[in-house]
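Novice: Fit chain S to the known structure of chain X by using the hints.
Protein sequence lines correspond, in order, to chains X and S.
If you're matching positions, the first sequence starts at 1 in UniProt numbering and goes up one per residue.
If you're matching positions, the second sequence starts at 1 in UniProt numbering and goes up one per residue.
One should not assume that every hint holds.
Covered by chain X, according to a simulated footprint, are these stretches of chain S (three or more residues, beta-carbon under 8 Å) [unchecked claim]:
(1) 53-59
(2) 123-136
(3) 193-202
(4) 212-221
(5) 326-332
Sample of chain X residues facing chain S (criterion: CB under 8 Å; computed from the structure) [unchecked claim]:
(6) S21
(7) L22
(8) G29
(9) L36
(10) A67
(11) F88
(12) G89
(13) A218
Just so you know, these hints were derived from the structure itself, not from any lab.
Predicted model only: the values in this text are computed from it and were never measured.
Just so you know, even glycine gets a beta-carbon here, dropped at the ideal spot from N, CA and C.
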Amino acid sequence: MSSSVQTAAVAQPPAGRALASLWRSSVAGLRMLVLLTVVLGIAYPLAVAGVARIAFPWQAAGSLVTADGDHTTSRSDAVGSVLIGQDFGVPDEGAQWFHGRPSVAGDGYDTLASAGSNLGPLSPDLVAAIDERRAAVAAADSVDPASVPADAVTASGSGLDPHVSPAYADEQVARVATARRLDPATVRRLVAQHLDGRTLGYLGEPRVNVLALNLALARLGA
Amino acid sequence: MGTSTTAEVWSAAATLATLLVVLAAVHVPLGNYMAWVYSAPRHLRVERAAYRAARVDPDAEQTWRGYLFSLLGFSAASLLALYALGRLQALLPLNLGFTGLDPAGAWNSAVSFVTNTNWQWYSGEAAAGHLLQMAGFAVQNVGSAAVGLGVAMALVRGFARSGTDARVGNFWSDLVRGVLRILLPIAFVAAVLLVAGGVIQNFLPHTEVTTLAGGSQNVLGGPVASQEAIKELGTNGGGFFNANSAHPYENPTPWTNLLEIFLLLVIPFSLPRTFGVMVGDRRQGWAILGVMGAIFLTSVALLTWAEVAGPGAAPHAAGAAMEGKETRFGLAASALFGSATTLTSTGAVNSLHDSFTAPGGGITLVDMMLGEIAPGGVGSGLYGMLIVAILTVFLAGLMVGRTPQYLGKKIGQGEITLVALYVLVTPLLVLVGTGVSVVVGPGLAGPLATGPHGLSEVLYAFTSAANNNGSAFGGITSGTPYYDTALGIAMLAGRFVPVALVLALAGRFASQGKTPETRGTLPTHTPVFVGLVGAVAVVVVALTFVPALSLGPVVESLS
Numbered sequence: 001m002s003s004s005v006q007t008a009a010v011a012q013p014p015a016g017r018a019l020a021s022l023w024r025s026s027v028a029g030l031r032m033l034v035l036l037t038v039v040l041g042i043a044y045p046l047a048v049a050g051v052a053r054i055a056f057p058w059q060a061a062g063s064l065v066t067a068d069g070d071h072t073t074s075r076s077d078a079v080g081s082v083l084i085g086q087d088f089g090v091p092d093e094g095a096q097w098f099h100g101r102p103s104v105a106g107d108g109y110d111t112l113a114s115a116g117s118n119l120g121p122l123s124p125d126l127v128a129a130i131d132e133r134r135a136a137v138a139a140a141d142s143v144d145p146a147s148v149p150a151d152a153v154t155a156s157g158s159g160l161d162p163h164v165s166p167a168y169a170d171e172q173v174a175r176v177a178t179a180r181r182l183d184p185a186t187v188r189r190l191v192a193q194h195l196d197g198r199t200l201g202y203l204g205e206p207r208v209n210v211l212a213l214n215l216a217l218a219r220l221g222a
Numbered sequence: 001m002g003t004s005t006t007a008e009v010w011s012a013a014a015t016l017a018t019l020l021v022v023l024a025a026v027h028v029p030l031g032n033y034m035a036w037v038y039s040a041p042r043h044l045r046v047e048r049a050a051y052r053a054a055r056v057d058p059d060a061e062q063t064w065r066g067y068l069f070s071l072l073g074f075s076a077a078s079l080l081a082l083y084a085l086g087r088l089q090a091l092l093p094l095n096l097g098f099t100g101l102d103p104a105g106a107w108n109s110a111v112s113f114v115t116n117t118n119w120q121w122y123s124g125e126a127a128a129g130h131l132l133q134m135a136g137f138a139v140q141n142v143g144s145a146a147v148g149l150g151v152a153m154a155l156v157r158g159f160a161r162s163g164t165d166a167r168v169g170n171f172w173s174d175l176v177r178g179v180l181r182i183l184l185p186i187a188f189v190a191a192v193l194l195v196a197g198g199v200i201q202n203f204l205p206h207t208e209v210t211t212l213a214g215g216s217q218n219v220l221g222g223p224v225a226s227q228e229a230i231k232e233l234g235t236n237g238g239g240f241f242n243a244n245s246a247h248p249y250e251n252p253t254p255w256t257n258l259l260e261i262f263l264l265l266v267i268p269f270s271l272p273r274t275f276g277v278m279v280g281d282r283r284q285g286w287a288i289l290g291v292m293g294a295i296f297l298t299s300v301a302l303l304t305w306a307e308v309a310g311p312g313a314a315p316h317a318a319g320a321a322m323e324g325k326e327t328r329f330g331l332a333a334s335a336l337f338g339s340a341t342t343l344t345s346t347g348a349v350n351s352l353h354d355s356f357t358a359p360g361g362g363i364t365l366v367d368m369m370l371g372e373i374a375p376g377g378v379g380s381g382l383y384g385m386l387i388v389a390i391l392t393v394f395l396a397g398l399m400v401g402r403t404p405q406y407l408g409k410k411i412g413q414g415e416i417t418l419v420a421l422y423v424l425v426t427p428l429l430v431l432v433g434t435g436v437s438v439v440v441g442p443g444l445a446g447p448l449a450t451g452p453h454g455l456s457e458v459l460y461a462f463t464s465a466a467n468n469n470g471s472a473f474g475g476i477t478s479g480t481p482y483y484d485t486a487l488g489i490a491m492l493a494g495r496f497v498p499v500a501l502v503l504a505l506a507g508r509f510a511s512q513g514k515t516p517e518t519r520g521t522l523p524t525h526t527p528v529f530v531g532l533v534g535a536v537a538v539v540v541v542a543l544t545f546v547p548a549l550s551l552g553p554v555v556e557s558l559s
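Same shape as in the complex, but just chain S:
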């Protein structure tokens, strides 16, 4: 036992080291590249064709309002189209004989994919045909990620610009460039690599074969690799199959597992570089990256410890916390995936978080409650972290009695109001949603477990939805009209209210001039600032969620 545990720890450390080395090597060139993508004046020929066909002007600098309206317009059209695609599935080709989704289910999945959440109430292999998956879900996997990137870039431009009358960029140009220049090329390469590892890519239906022992089993078909790649790269998380990345056809080997973890982290961890380049001070990017990295490593260490140590009645009875985990990944690679997926807005799972140890499940919950900022979703991670940085500057300013400023922008009453609203939206959705659901009948019907773990299941569902994560304590039966609707509202508000607030903030910053630094200005590239931002992120979560966490995972951990 002792030697196998040692081997396990070494394997975990070497896996993490590989991941960090590759991310470190890639984030500078990718970050620089993304800064160029969102700053270059020239359009590609194919992009110009797209703008002409869609009849949009990619060169008009939009105010934050104009940007928001375009974003909402695109998202509304996406929502309706995906709803229709789900409802009309029975009439469309490649449907594998599946019926249309019911209204509540179609609403939930449309909201889920348009908001980059990918909460799944349905089982992919039993409800969604190939066309719905590839022309519906996968399109939104790319589109919603590009939207997130665009919003982050609008905020960064707000910092980088001065006196522009609230002009923060052009939504259409950001959308199309994000798709064509960043997401699609990387996803294509990743998809081919995944096929090499064993992820399927065909358009065949499910076919019954006779197994070796004489039973029967269906051989599955589907364009899985193309969807899997963008599912991770766009921090979406909606699995082709019910078992998500635990399914051997989505994640067949230890190296595809590492590749998928890399994909879901690579853009979020590269964006601080993009930010540093665009605001003309790379040290600012390093500081943001430092906070993200510190929180990430802490989460990975704690979660790995929890799963390898395996406290709790069931792990003790089994000898290890292997319930819900795959043999090829084992404990450590499941924990690494678990941290990466909940610290980004991905929500893909290679093991069942509901069956994690009590402290382990609690860590995945806290990861999401942090607002998914370390490194967070594609785009949303950067703007979420910048909000915390602004809050930190403001609090520090209060302590020393000076007007706070960040990157030469004053944090006045208007700015801090938007920041405060941003910080309040998600907790409000989580706590009200959870609170109502543990009182009303249809809410109480959801959880699989009773007692503290039942509360954890509901709390996890609303935390995941409001933060646009999409993972679940899967025991909860969420495919009911009540949860489809309630979680749909949480996802929608949890995505677009923060987006509107961030764009409003970007507009205010872009309108401001540049305030020169004085000796009293708090430097925002130092280790002290990194520590402060991390502390503020943790304190905000603690103050908001400690009561709810105490009744769920904490009680479980202590019992």
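In isolation and in its complexed conformation, chain X is listed as follows:
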């Protein structure tokens, strides 16, 4: 700017004025921030919570279920949330349960440590983990390793994925039926009842909610 030809002494006041102006607007900014914090940081979440509590109390509390499979908003009655995957032992233990996907959230399905592996597409560690899981799942379910679906050998992004693919649920039917001494047809019917298709026929992927399925399974007894 043209001020570059002026002497330092003359240039001083504008710089001082700029600083003073910045200070004034910072103080004004702080006052505005306090106001915005009251509106956006306190009133807004409270208002959403208020509406949610009246209109969608079950969802707002976390979509919790009891051991009988009933919806609840009380944590003391709950065995968990239908939206959050649980650890049912993988893959060579807990044969009587349908298993979810591999999870790297903490020691598996730890809600205080939601996470995926973040391993890259060429990572030798990831390839080794996939091969290991494939062998273990195939052995547990007594199937050809090549037929094990992708979701059974990969960790989800959240580590809390509540679903498996219909293919992986089907694969586990025989094992679960044997462990529970149930007719495989009965278990297969249960899986079919818990199959969620694509929303509106095209959104997302077909899937089976593992906790919901296992809750129904537990209610069958045996």
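Specialist: Frame of chain X; chain S shown alone:
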């Protein structure tokens, strides 16, 4: 396999079509509405009360300098307040027993949220209590978005006005109107919808319960829906939980996923309409929208192809690129989210970009390197795209030997200098930051992977920070003093230097008169111009980043 792939492609196409139809329906009324919000002379009663309480004058037309000082003042106050809130967390209510953030971490997260970046070095469920989330982070989610909108409006006013002595509007009025008339009402409705889908909204702590199989698991609590809505709408991206929008409590169903993608695109894709209305020539808005749309669709198509095809050793071993992806979304809806989040300045993720296929991860990186202009962040997308449009007009002017002008404003030496500086700032931060980090010890300690993917992780981190995106190749361990500080600097400079340049440009345009169009003036509403702007955007990125990209994602894709 064949039929399931066909079903997948149809599902992806129908999902994208739904998104486009809804955006097409909404962008005209929302764009018109925003033009009214930023032009209407009257204040609402509640707004007048806010101005009185904050003791600011909402009617004084500010010069670009005055506007910038107010903006910097508000941001500085926000930065200090959020830093203090993070540091003092242990003493505040609703902290869930978490300690205060360490100085480097508090600095990083304060910068991150004030600059609309929302880079996250911390894990929300293990470090940030409810008060820090809602009174700290969520407030900045709204505030930083409103700041971005204001800067875009100042530039648009610069085009729309003549001979105003560099006066570009009033920061306080833009801020408060953006918050109260645009962001808060939409966020409120969206938050309630998200709760209906299963996103939690309560103030409970995390409680341990006994699971069905007899293990233990914590049931999580928190005001998540209110934060989730503004996280997407304000193109912020900072997740309540570590897993961000992959977490079932942030994004429980395929339709909440689509809603979140819609939210993060709706304001940026509506702003070209606002621009067209405010400069009095809607065709100019259509042209800008055309460039944004073309780049967006190209990115979505390429990324969907990459993830569904699933090249690479790990996807081959698994049978599909499902590592880091959720069953309910699958490959295509993860790719759609990935494109939308990196082409805006959002950085929320519903799947882990670090585990995307090599070409897929490369596309998310290029999306950000384009400067997040298609459609870009709230406000920042429009001003970023207008900078590219001005550059295009200038280059075209050079070719035909006429003084370039855009919307009746001459692009002279002063103007093009500001544009050139704008274009250089982000690449400088990205390449210097990456370059230094792959040489010094604490930088090298960051990446999880070795070889090309390690470089990609560092390159992604600085690209994300300098472009105020906030997504990550999450394998990188960035919660170290080195990365907290370096990325903090990249975020801060990547936000406020371009903002200052844009405001200076707005001031120059507002001072200029209107130059009448002649037969030699390049028309800026034609398909030819749309193609030129797209080409310039791509060429600038290519010239800047090809060497770095070659050593990272390109090498990976070829191996």
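Novice: If any of the earlier hints don't hold here, list their numbers in rising order.
Specialist: none
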